[in-house]
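Novice: The chain contents come next:
There are 2 protein chains.
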Amino acid sequence: MNTVVIHDPTLRDGQHAVRHQLGVAALRGYAEAADAAGIPVVEVGHGNGLGASSLQVGRAAVSDDLMLSTVREALRTSKMGVFMLPGWGTCEDLRKAVAHGADVIRVGVHCTETSLAERHLGFLREQGADAHCVLMMSHMATPAELAEHAARVVGYGARAVGIMDSAGHFLPQDVTERIGAIRGAVGDGVPVIFHGHNNLGMAVANSVAAAGAGAGIIDGCARGFGAGAGNTQLEVLVPVLERTGFRTGIDLYALLDAAEFAERELMPAPPTTGSLSIVSGLAGVFSGFKHQVLDLSGRAGVDPRDVFFELGRRQAIAGQEDLIVDVVAELSAKRAAA
Amino acid sequence: MNTVVIHDPTLRDGQHAVRHQLGVAALRGYAEAADAAGIPVVEVGHGNGLGASSLQVGRAAVSDDLMLSTVREALRTSKMGVFMLPGWGTCEDLRKAVAHGADVIRVGVHCTETSLAERHLGFLREQGADAHCVLMMSHMATPAELAEHAARVVGYGARAVGIMDSAGHFLPQDVTERIGAIRGAVGDGVPVIFHGHNNLGMAVANSVAAAGAGAGIIDGCARGFGAGAGNTQLEVLVPVLERTGFRTGIDLYALLDAAEFAERELMPAPPTTGSLSIVSGLAGVFSGFKHQVLDLSGRAGVDPRDVFFELGRRQAIAGQEDLIVDVVAELSAKRAAA
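Read top to bottom, the protein sequences are chains A and B. Numbered per full-length UniProt numbering, the first sequence spans residues 1 to 338. Numbered per full-length UniProt numbering, the second sequence spans residues 1 to 338.
Be a bit skeptical, because a hint or two may be false.
Copies of the same chain are indistinguishable here, so a pair counts whether it falls within one copy or spans any two.
Calculated cross-link-like contacts (lysine to any residue; reagent style SDA-like; alpha-carbon spacing at most 25 Å) [what the hints assert, rightly or not]:
| id | residue 1 | residue 2 |
| --- | --- | --- |
| 1 | Lys290 | Asp257 |
| 2 | Lys290 | Ala269 |
| 3 | Lys334 | Ala254 |
| 4 | Lys290 | Thr272 |
| 5 | Lys290 | Pro239 |
| 6 | Lys290 | Glu242 |
| 7 | Lys334 | Tyr253 |
| 8 | Lys290 | Glu263 |
| 9 | Lys290 | Ala141 |
| 10 | Lys334 | Leu252 |
| 11 | Lys290 | Pro268 |
| 12 | Lys334 | Asp251 |
| 13 | Lys79 | Arg264 |
| 14 | Lys290 | Arg313 |
| 15 | Lys334 | Asp257 |
| 16 | Lys79 | Ala25 |
| 17 | Lys334 | Leu294 |
| 18 | Lys290 | Gln320 |
| 19 | Lys290 | Leu252 |
It should be emphasised that the hints constitute simulated quantities derived from the structure, not laboratory data. Owing to the predicted nature of the structure, the values given are computational and were not obtained by experimental measurement.
Model the full structure from these sequences, guided by the hints.
Specialist: Right under this line is the structure:
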């Protein structure tokens, strides 16, 4: 029977759903509950990772230092994970995280921009840290491209590598192909990671497909806590993986208890899948664009769904918010001309 | 490219989530929106079908007669569907539904008790009605048993036959096997139906598996509207089916609009998947037991999750609520003895 290591970013990716406002008591309470369930890795941080708290993407309620010390204290057997995006986070942030006792340090980069992670992964290798690298918006690259970039980051120092379905665009067959290609490129000694989103109702099915294709590390959040349609619902994923022949080592009842805590203490309500989440999943667009798309298209009188589909055709990625302005203006002009 | 006929029980199965309290304006508004989207069949009624409004399972806000005349008036191109469970509904109810212009009449029976549907399906055959039969709690029978019962109800007069995953227990491979077995038993002339529930996050994936195995009629509800974890989310299912090579004939934007209407006017909030929904899915128990299980186990101080798993081992089905009392008493006695 194969083992899957569950990586739980509830206290990091979930932050996106509450504008990074999780408080100390919530962080401590969930970390304790996750630890009691035997979840192998509990990730914590600002939604955009180390060093990202800012006016631009939102200030977190709690500093990185306090988040890390709080969760570190709460965990007895679970490892502590952190996330960083080069640009927001720096080597200094990585050094602090290591000093705080972070066990697993994930560096995220756009799927075709892995050279951005070279310096940080090299730094972590020097520190002897367990560095992982995740390729974001991975539906924008072919399986062969992902495999090539995965091999490259292993060369930089990543001890595990994988993909995020950041737009929630994949169907199970897509995941099977990509995990297989990456496994082929990095070999058996490097665990492959899968992180799903539920825009098309496929987060659990995609994660099972990933495990079936040999992924060794799979992400899930309590109640799917996350922006928009949310992430893979952890307390559903775990028993479904167990039923399909994978061992997670997690206690089901304690896991359900942790999810109850999360529903009660971390979120106003569990995520559900609204129309724009579906459209962004279909279009392959980062759902974080939603508020800007709604605002700009509302003022211009164009259909926000058209805007999402056009952004998808242009392969817009986070940081390219200017494209929204362009697309809205063009659709508005077309509409006026019609 | 294969065609799938979408059957939409939002205004019938969704009633379970609001104690059968949908009003005339809500029924009319959703039916109009579904019709505008080109949804082939719009089913309406009390959650338990024709004739079921009662003190025992809950009185509907609107009579069967008024529900049917309201939806009939609202539909221009969509067919109107109704549901009936022998015992709650009678041949007289079926006669009324036909007189009201119901196009598709579904009879539901427990998966191994198809003889209960013989008289009603025979009556509908005499009336020349388009009678369908669904086998409920279908995870409790083997593929071969389901195939045998499916063939039997076709002999009684059903023009389509299929399965409901009433407990939300199936994974995609389970569905593939069962739809395949039924198709083999009834032949190409009889469309096979699949109706999913989302307890294990698999409703969309299971429905795609059903289509892949040759199911010709697939159910979905706006926002998954239904009790507990809800049904298959219709406006997710349709574009995912289209992307995987099936034609539904439904307009995506109008479908998303219908779902927005449903979220706003039919339900307090879209369904999410709580711990007991997960447990009932894993255990293969009707999630409608939830309130009684919670009430009785709370008073006896036993874990409701243990009660669900034990009910699953005993293959409890709706109508066997007495078993809950027995199981709670036994677990309570065991606990006292421990």
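Novice: A separate judgement is required for each hint: does it hold in the structure or not?
Specialist: Right, here's what the structure says about each hint:
no., hint, result
1, Lys290 <-> Asp257, "between (32 Å within a copy, 17 Å between copies)"
2, Lys290 <-> Ala269, "both (19 Å within a copy, 20 Å between copies)"
3, Lys334 <-> Ala254, "between (55 Å within a copy, 21 Å between copies)"
4, Lys290 <-> Thr272, "both (15 Å within a copy, 22 Å between copies)"
5, Lys290 <-> Pro239, "between (32 Å within a copy, 20 Å between copies)"
6, Lys290 <-> Glu242, "between (35 Å within a copy, 24 Å between copies)"
7, Lys334 <-> Tyr253, "between (56 Å within a copy, 19 Å between copies)"
8, Lys290 <-> Glu263, "both (24 Å within a copy, 19 Å between copies)"
9, Lys290 <-> Ala141, "within (23 Å within a copy, 45 Å between copies)"
10, Lys334 <-> Leu252, "between (54 Å within a copy, 21 Å between copies)"
11, Lys290 <-> Pro268, "both (19 Å within a copy, 23 Å between copies)"
12, Lys334 <-> Asp251, "between (56 Å within a copy, 22 Å between copies)"
13, Lys79 <-> Arg264, "within (24 Å within a copy, 42 Å between copies)"
14, Lys290 <-> Arg313, "within (16 Å within a copy, 46 Å between copies)"
15, Lys334 <-> Asp257, "between (53 Å within a copy, 23 Å between copies)"
16, Lys79 <-> Ala25, "within (19 Å within a copy, 54 Å between copies)"
17, Lys334 <-> Leu294, "within (18 Å within a copy, 57 Å between copies)"
18, Lys290 <-> Gln320, "within (13 Å within a copy, 47 Å between copies)"
19, Lys290 <-> Leu252, "between (35 Å within a copy, 19 Å between copies)"
No hint from the list above goes unmet by this structure.
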